[in-house]
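Undergrad: Here's the letter readout for the chains.
There are 2 protein chains.
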Amino acid sequence: MYAPQQERIERLQKSLRQQKIDGLLVSQPDNRRYLSGYTAPDHGIQETAGYLLIPASGNPILLTDSRFTLQAEAEAPLYTVETYTKGMLQAVETLCHSLEVQTLAFESEYFLYSTFQKLEKMAASRELTLKATSNLIEQFRAIKDPQELELLRRSQALNEKVFQAVYQTIEPGMTEREIALALELTMGEMGAEGPSFETIVAFGTNAAKPHAVPTDRVLEPGDLVLIDMGLILNGYCSDMTRTFVAGKPDQTFIERHRVVRQAMLAGIGAIRAGVTGVEVDRAARQVLNDAGYGDAFGHGLGHGVGIAVHEDPRLSPRGTNTLETGMVVTVEPGLYLADWGGIRLENMVIVQEDGAEVINTDTTSLDL
Amino acid sequence: MYAPQQERIERLQKSLRQQKIDGLLVSQPDNRRYLSGYTAPDHGIQETAGYLLIPASGNPILLTDSRFTLQAEAEAPLYTVETYTKGMLQAVETLCHSLEVQTLAFESEYFLYSTFQKLEKMAASRELTLKATSNLIEQFRAIKDPQELELLRRSQALNEKVFQAVYQTIEPGMTEREIALALELTMGEMGAEGPSFETIVAFGTNAAKPHAVPTDRVLEPGDLVLIDMGLILNGYCSDMTRTFVAGKPDQTFIERHRVVRQAMLAGIGAIRAGVTGVEVDRAARQVLNDAGYGDAFGHGLGHGVGIAVHEDPRLSPRGTNTLETGMVVTVEPGLYLADWGGIRLENMVIVQEDGAEVINTDTTSLDL
Chain A
27 MYAPQQERIE
37 RLQKSLRQQK
47 IDGLLVSQPD
57 NRRYLSGYTA
67 PDHGIQETAG
77 YLLIPASGNP
87 ILLTDSRFTL
97 QAEAEAPLYT
107 VETYTKGMLQ
117 AVETLCHSLE
127 VQTLAFESEY
137 FLYSTFQKLE
147 KMAASRELTL
157 KATSNLIEQF
167 RAIKDPQELE
177 LLRRSQALNE
187 KVFQAVYQTI
197 EPGMTEREIA
207 LALELTMGEM
217 GAEGPSFETI
227 VAFGTNAAKP
237 HAVPTDRVLE
247 PGDLVLIDMG
257 LILNGYCSDM
267 TRTFVAGKPD
277 QTFIERHRVV
287 RQAMLAGIGA
297 IRAGVTGVEV
307 DRAARQVLND
317 AGYGDAFGHG
327 LGHGVGIAVH
337 EDPRLSPRGT
347 NTLETGMVVT
357 VEPGLYLADW
367 GGIRLENMVI
377 VQEDGAEVIN
387 TDTTSLDL
Chain B
27 MYAPQQERIE
37 RLQKSLRQQK
47 IDGLLVSQPD
57 NRRYLSGYTA
67 PDHGIQETAG
77 YLLIPASGNP
87 ILLTDSRFTL
97 QAEAEAPLYT
107 VETYTKGMLQ
117 AVETLCHSLE
127 VQTLAFESEY
137 FLYSTFQKLE
147 KMAASRELTL
157 KATSNLIEQF
167 RAIKDPQELE
177 LLRRSQALNE
187 KVFQAVYQTI
197 EPGMTEREIA
207 LALELTMGEM
217 GAEGPSFETI
227 VAFGTNAAKP
237 HAVPTDRVLE
247 PGDLVLIDMG
257 LILNGYCSDM
267 TRTFVAGKPD
277 QTFIERHRVV
287 RQAMLAGIGA
297 IRAGVTGVEV
307 DRAARQVLND
317 AGYGDAFGHG
327 LGHGVGIAVH
337 EDPRLSPRGT
347 NTLETGMVVT
357 VEPGLYLADW
367 GGIRLENMVI
377 VQEDGAEVIN
387 TDTTSLDL
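From first to last, the protein sequence lines are chains A and B.
Sequence positions in the first sequence follow the working numbering and run 27 to 394.
Sequence positions in the second sequence follow the working numbering and run 27 to 394.
Mixed in with the good hints, there may be bad ones.
No more than 20 Å apart at the CA atoms, straight line, and that leaves these computed lysine to aspartate or glutamate pairs for DMTMM-like [as the list claims (entries may be wrong)]:
#	chain 1	residue 1	chain 2	residue 2
1	A	K112	B	D321
2	B	K144	B	D171
3	B	K112	A	D321
4	B	K157	A	E146
5	B	K144	A	E146
6	B	K144	A	E281
7	A	K112	B	E305
8	A	K157	B	E337
9	B	K112	A	D388
10	A	K112	A	E176
11	A	K144	B	E146
12	A	K187	A	D388
13	B	K147	A	E135
14	A	K147	B	E305
Below, a sample of chain A positions facing chain B; criterion: calculated Cβ distance under 10 Å [claimed, not checked]:
#	residue
15	P67
16	A75
17	T95
18	T109
It is worth saying that the hints were derived from the structure and are not from the lab.
Here a beta-carbon is modelled for each residue, glycine too, at the ideal position from N, C-alpha and C.
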């Protein structure tokens, strides 16, 4: 059985001791799942399914309310589950006292200012020192172990299978919404837990919005079709984009598609352990710049994928990450022209010592 | 055409002037949509689709990045759309300068501590005063105008229609997941934008978890079935729960179901403008207490529903809300017994001057 939580907790506890932190409150749902196995999602940041309290040494605690007690106990056997009835903060106060926590850290990137205000008040009355951490568990999550890599390969393989099944059925007369629904349905039928984000299906000029939401627009012969889709399988996400034409592509589409494809290949070609996200982004962006589409590519080149569909590292002009072996990233250049439409291509790759392993095998439209 | 944003902005601006706030940064996605019509969702709080900057008087501004510019311009015609390329904070800094904002407020309940840290740094260098607001726009949202009430009625009517369509097909041999998928599919086919939360389908002891996630458990004759479902139609949510038995219910189920139904009726009976959420919760809880199930009901009685499926007001032992005419709330008592299962019943009601209008018409299992 694959139960990596013990090792993850120990690695984190070592880091806490080095930083002189006595306890860390984990609020970020993906971090919570990563460290505990507890899968309950937050319904928005204001409706938490619980917190972990990880002491610098000793047994970790999972704090939740009565809606989730049974699930937490079943899914997180390494944790002592504490059910709070008077709010999380009161439970944390009691635990900090009994565990002799003097420096309590919290995750600044998934902690509401309003919760901080309450924590601050409690800390003042208890002479507790608060410490805001940044990107602590995310750093560990960015580097996948071999089992995680296999789960990501399977997730993307299923994603491609779903894409192919629906791609074969696409024809003029269908709407963006219908195709998106068919994709999400097929994901479910083929065993996915669900989509990893809202499926994007955009025809023609609608594809000029990188984050288009499917509409009732009807597919006409000759329209370009952009599909950006991902699913969750065994807790791990996939993400892929293809752009093609309903019918025969014209010369403009073919040329622009080639530029985006060259940009993708240049990005993938630049990937290996030790290079920065900025450098990889630049390699792909240069291709678009050289072809005169620099202004038509407004977003970053890619992002890490794992338990979350968007996680570290980032490939972008403003990124701060250096790639390491075992990271998994998307490479997704695009060009977006309001009066014409958009093209984006996206594959997922594993960063290796001296290059990149492309996870995708689907070649739809890539051979244009 | 129903375009209520102008009035909403003016009402908010009046409140800002009263509080001596020169500008409010709106980060909460439902508040953003409520005030602007801009529908892009956040993919988690860390991936914002933009902010509104509402000055105490004058034209409001929508800040977003290039992925969303076209959508923002199309959906929010009352707003000046500013596309930021170097991050939201830099754009806010420039705008505060040009608009002569000296006191800038932000929404403490949807503002990350890490973003606050950056804002604080910027404010210090600009001699800007920051002010954390709480529940400012949510207060306005809690009271629905007549058009919103109609949208909520339609959303719940469709939700009931979807429930009935699938309910007719339920039979032993089906799994929780299959039924949940069928429900969500039918929502899409019948025109919903999507589910308003992850559909809950739980058989037998699985129903002892109030927030059960559908599993591959197979329905056996005599199992109880709890379905908690909602959808989004025209941006407005619905939410309903029914619990029934596959086949003939035994006496225990019938008795417990009656208790929960009596609790629901008691809750609904207590609703009118002027009573508190605590009082309504107590009226329902008393019925469960009297029947010996006080400990089996661990969650609050209900919540507001609107653009968000969970919003103000709250009906709970620890709530602080007083009901007002035009509020819309769920009434959803339940009892949960780990070794047996759970029963929850949930209707949505509109608070009126002297009572409650029950939106639901579905009587499945309610006449047991």
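Undergrad: Hint by hint, which ones does this structure get wrong, listed from lowest number up?
TA: 2, 6, 8, 9, 10, 14
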